[in-house]
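Novice: Here's the letter readout for the chains.
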Amino acid sequence: MKCKLALCLLLSATVAARAESELRFCLRSEPKTFNPVLVEDDSSETVRYLTGGVLMRLNRATQQLEPELATSWKVSGNGKTISFKLRQGLHFSDGTPFTAEDVAFTMQKLMDPSVHSPTGDAFRSGEGRVVTRVLTPTSVTVTFPAPVVGLDKLFDEVAILSAHSGQKEMAVLGPYRVADYKPGSYLLLKRNPNYWKHDTSGRQLPYIDAVRLEIQQNRDMELLRLMRGEIDFINSLDAEYYDKLKAQASGLVEDAGTSLDAEQMWFNQVAASPLPAYEKAWFTSTNFRRAISDSINRDDLARVVFRGYARPAVSWISPANKYWFNAKLQPRRFDQQAALALLAQDGFSRKNGTLYDRAGHAVEFSVITNAGNKAREEMATMIQQDLAGIGIKLNVVTLDFPSLIERITRTFDYEACLLGLTNNSLDPNTQMTVWLSSGDDHQWDPHQKTPATAWEAEIDTLMREQASTADVKKRKQAVDRVQEIVWQQEPFIYLVNKDSLSAVSPSLHNAHPVVLRPQVYWNIDQLTLGNEVARTR
Amino acid sequence: MRRFATLVARLAVVLLLGGFLGATLVRFAPGYGVDEAELDSRLNDASVLALRQAHSTDESIGRYYLHYLENLMHGDLGVSRALHQPVRTLLAERFPETLKSVGYGLLLGWVLALGLALLPMLMRSRAADMFAGLFAGAFLCLPAATLALFFVMAHETGRLAIGLIVFPKVYRFARNLVTTHAAQAHILTAWAKGLGSFPILMRHILPAMTPQLLALAGVSVSIAFAAAIPVEAICDLPGIGQLAWQAALGRDMELLVNLTMVVTLITLLSNTGADLLNGRKAQARASA
Amino acid sequence: MKSPRGLAIGFLALVIAACVAGPLFQGPAYAQQFRDVPDAAPSRAHRLGTDDLGRDRLARLLEGTRVSLLLAPAAALLSTLLAGLVGATAALAGRWIERALLAATDLFLSLPWLFLLITVRALLPLNITPFASVTVTFVLLGSLGWAAAARVVCADTRALCSADFVLAARAGGSGRLRLLWRQVMPNLMPVLSAQFWVSIPVFILTEANLGMLGLGVAEPLPSWGGLLRELEGFAMFSAHWWQFMPLVLLVVVVGCFHLTLHRQEISI
Chain A
1 MKCKLALCLL
11 LSATVAARAE
21 SELRFCLRSE
31 PKTFNPVLVE
41 DDSSETVRYL
51 TGGVLMRLNR
61 ATQQLEPELA
71 TSWKVSGNGK
81 TISFKLRQGL
91 HFSDGTPFTA
101 EDVAFTMQKL
111 MDPSVHSPTG
121 DAFRSGEGRV
131 VTRVLTPTSV
141 TVTFPAPVVG
151 LDKLFDEVAI
161 LSAHSGQKEM
171 AVLGPYRVAD
181 YKPGSYLLLK
191 RNPNYWKHDT
201 SGRQLPYIDA
211 VRLEIQQNRD
221 MELLRLMRGE
231 IDFINSLDAE
241 YYDKLKAQAS
251 GLVEDAGTSL
261 DAEQMWFNQV
271 AASPLPAYEK
281 AWFTSTNFRR
291 AISDSINRDD
301 LARVVFRGYA
311 RPAVSWISPA
321 NKYWFNAKLQ
331 PRRFDQQAAL
341 ALLAQDGFSR
351 KNGTLYDRAG
361 HAVEFSVITN
371 AGNKAREEMA
381 TMIQQDLAGI
391 GIKLNVVTLD
401 FPSLIERITR
411 TFDYEACLLG
421 LTNNSLDPNT
431 QMTVWLSSGD
441 DHQWDPHQKT
451 PATAWEAEID
461 TLMREQASTA
471 DVKKRKQAVD
481 RVQEIVWQQE
491 PFIYLVNKDS
501 LSAVSPSLHN
511 AHPVVLRPQV
521 YWNIDQLTLG
531 NEVARTR
Chain Y
1 MRRFATLVAR
11 LAVVLLLGGF
21 LGATLVRFAP
31 GYGVDEAELD
41 SRLNDASVLA
51 LRQAHSTDES
61 IGRYYLHYLE
71 NLMHGDLGVS
81 RALHQPVRTL
91 LAERFPETLK
101 SVGYGLLLGW
111 VLALGLALLP
121 MLMRSRAADM
131 FAGLFAGAFL
141 CLPAATLALF
151 FVMAHETGRL
161 AIGLIVFPKV
171 YRFARNLVTT
181 HAAQAHILTA
191 WAKGLGSFPI
201 LMRHILPAMT
211 PQLLALAGVS
221 VSIAFAAAIP
231 VEAICDLPGI
241 GQLAWQAALG
251 RDMELLVNLT
261 MVVTLITLLS
271 NTGADLLNGR
281 KAQARASA
Chain R
1 MKSPRGLAIG
11 FLALVIAACV
21 AGPLFQGPAY
31 AQQFRDVPDA
41 APSRAHRLGT
51 DDLGRDRLAR
61 LLEGTRVSLL
71 LAPAAALLST
81 LLAGLVGATA
91 ALAGRWIERA
101 LLAATDLFLS
111 LPWLFLLITV
121 RALLPLNITP
131 FASVTVTFVL
141 LGSLGWAAAA
151 RVVCADTRAL
161 CSADFVLAAR
171 AGGSGRLRLL
181 WRQVMPNLMP
191 VLSAQFWVSI
201 PVFILTEANL
211 GMLGLGVAEP
221 LPSWGGLLRE
231 LEGFAMFSAH
241 WWQFMPLVLL
251 VVVVGCFHLT
261 LHRQEISI
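Residue numbers (this note's numbering), protein chains in the order written: chain A, 1 to 537; chain Y, 1 to 288; chain R, 1 to 268.
Straight-line alpha carbon distances no greater than 20 Å define the calculated SDA-like cross-link-like pairs of lysine to any residue that follow:
1. 100/Y to 185/A
2. 374/A to 245/Y
3. 449/A to 46/Y
4. 153/A to 126/A
5. 32/A to 85/Y
6. 246/A to 38/R
7. 246/A to 240/R
8. 182/A to 245/Y
9. 244/A to 38/R
10. 322/A to 64/A
11. 244/A to 40/R
12. 32/A to 38/Y
13. 153/A to 68/A
14. 74/A to 467/A
15. 32/A to 89/Y
16. 182/A to 85/Y
17. 153/A to 44/Y
18. 190/A to 33/A
19. 393/A to 129/R
20. 168/A to 85/Y
21. 374/A to 37/R
22. 109/A to 35/A
23. 153/A to 65/A
24. 32/A to 51/Y
25. 374/A to 39/R
Simulated from the structure, these hints should not be mistaken for laboratory data.
Hey, can you work out the whole structure from these sequences and the hints?
Specialist: So, in structure tokens, the structure goes:
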């Protein structure tokens, strides 16, 4: 009797100990939706990653696509059709069986014309309906009206919805399910009892029983909580905080290397903007832009603002994107003499330390950036001193983000802008709206009816070319040429590529931070806490 | 009864005016109707257009406010654009937290402020007066965010930070009122005749200061609510202060109009309460 | 009690003199970046060290003091005068005017003025000088920061109205304006001086917080608020002693104002 009692106590203690494991980290904003089809913000994307089951998953470490709910897939018709073979015997978190019908249902929801989300838009290659055919309960085919570039990799973001569950989007196939949500405070995810993955010893994954997402906007608080052991990692750290943490606890910090993100500056080239004609003439001149670019000391920006955790940037594609980056291009050298020579070609001249244009206007303009972003404010201040070296007066104006967005997308009442580019994907095709001259994100001169310059017309042609072929080599050639044109014309002056910095508690095991998002918890179902050991292939 | 009805009507008019003016300020501020998501390069042009149309409004501010009032009559406070949740739910969940924070803050603030203002008089010490002034001045110079973080680091509730933000402001007014009243002829006479500081304070100084202190109490509620915004944001207290900051950054009209009305109502109630108490005291003095 | 007050006045004079005469003696310009020595400790070349961008802290502190010590008290004076005017008028004028003014005061306390500040910033030209931009910010703060004190002034004025000397003045034929100027205002000094004293650091810190929304001082011009932003949050707990100098200076200056402003002492 006593032995039985002791055994029960031991078992319950073990179960209790196992049931206790809870991973904690912070979300910087409230998730706007739990519906994976409607996700557009970072926090909702985090929830989707943790709860959603996908057909294929891009391994963030190897950058290779791996089977998940689909055991195999085939892309045909030059990227118009994709066929899946699905795993059998899987169930959603509420017990509803997973079949090909659920895939069809998900695609139908995703491609609904009234739904506007980054995930859905990635599949919208042309006019016409997306046709999904359920061949058997475990095989399904999806056909698009036009070829979709990188079609298979796009399914990494498509979390499958249940067609039949009463819980709707709350019935999930991923490692966790939403258990509790207190707005403004936290979101609690608990293990999905029907998660299909097991480790090599047959134990059901994930190892960690629960994930608690604390809603914490303040970065100081986030850092403090990590140092106190209240959270287990910080997914993305600023260079300043990285340095501070490194000084106090070097074992906590991780630098995964150059990230996919870039900081950039551009000039307003919109013909209809309310700028004076002489300023428009400056900003539309390639020599002027190149001169500005040559006058900026990128090494100093990387060393001083980012404490050495950044590299001078070359292109819109980061060197971390090994396949697509044009390795022939080099960052601009800091050379103010060369800059002055370029400006002289356009009739600029310096008198008493001030630069004047041909018509005698002193070169003075403002650069707007978002207030509250210390790194950007510092970069703008450093660029201010750099340009003063060639006689240009730069005024740094920080604006709150909505005001800034209004200026660069609606009123076009600005001269130059300094912002960052966040790249969530390796495939350059996700940047179509940036590089097409008719695109909304063609920031320096959006919504052009016809390309304003020959080089923009060439970029239009090249981007359309790479979007219409599945031949990766041809795509690479086209994208390399686009990068070359951008390097020559400098519509965006790329400044630095930041490193991907994170912090991980020593109690969290099997975490290998990478540059692709989510940097730390990309292998969430294999992470362990405390003494637990992961046994996965 | 008639006076009460007039008072309520006056408060209602000011409240509605506050809501309208708040809505106007938000509506005509730059950045209204834009969405950060527009900069997401993964969205195609049609989606960006749809996003802009969803946020744009040709409705005049007057019509918007009338619609709002109409819905208000039915208990519908609208849906937050930033958080995609009913404003009513958000306020119901978060208001009690802020009330608690503000309550704690006001209590601590007033205890400290009055204590520091009265102590030099009770001790009859210039050194104490100087110390109190420098102490309050030091706290006046500390950023609210730093104070809040200090409490968090000390594992204490950040709510106490509100008290440290409120007290220097109340202290200075209270201290000056005490010194002014303490210098009056009848007070000096009472001291000269050997009456103790405490009875002088309780019977002569504090009663004379009551109208001003009540007015100060009314405005200190507004000061405490304003202090709650950075404190809640830093200390992770899910109150309306945190909500207000998010709403301001997101130009969330629905949330901001309702928050403005809540803050206006609280300000009106606290200041009107103070005025009524002052009115009663004046009547009592007159009849005495 | 003359000695501490004298010391305070002397210190304020010294600070003002240092700001005015500073450019004659200080080494580097406040905007010059010494990028090889960012975040450096104090040295002969940089007496208070350098900031994140390698700019001399002492030069920036002096320049920031010049900006803030000029603008913050001016804004505080503006808000004090408005508080006095509105509060006293409310108490002295008729019942309806009093109610209207107090209602306006309550509205001023409740409205989200942040959006007015953002709108004004949007209306200013992008190439406005940093000093002009920060001046506009402080003027707006002064114009909006009077409401809390106005109510206290109103209550104080009402109490004064029943004082013997005021009744005597009225009996003697003083009109409302004369009554306000000669009898009431001088006796409102304690409340008004409290408002002035409180407003200075509040406006400086508010200017710093507004920097988060792009409404503060523009680079490279420093201000106390901008310098104090460096100490916000976690940074304060890992900061070196030289980084606290702006805070120490602000606390000391506010303390000096405390000792200087109100002549009335606690009777002993």
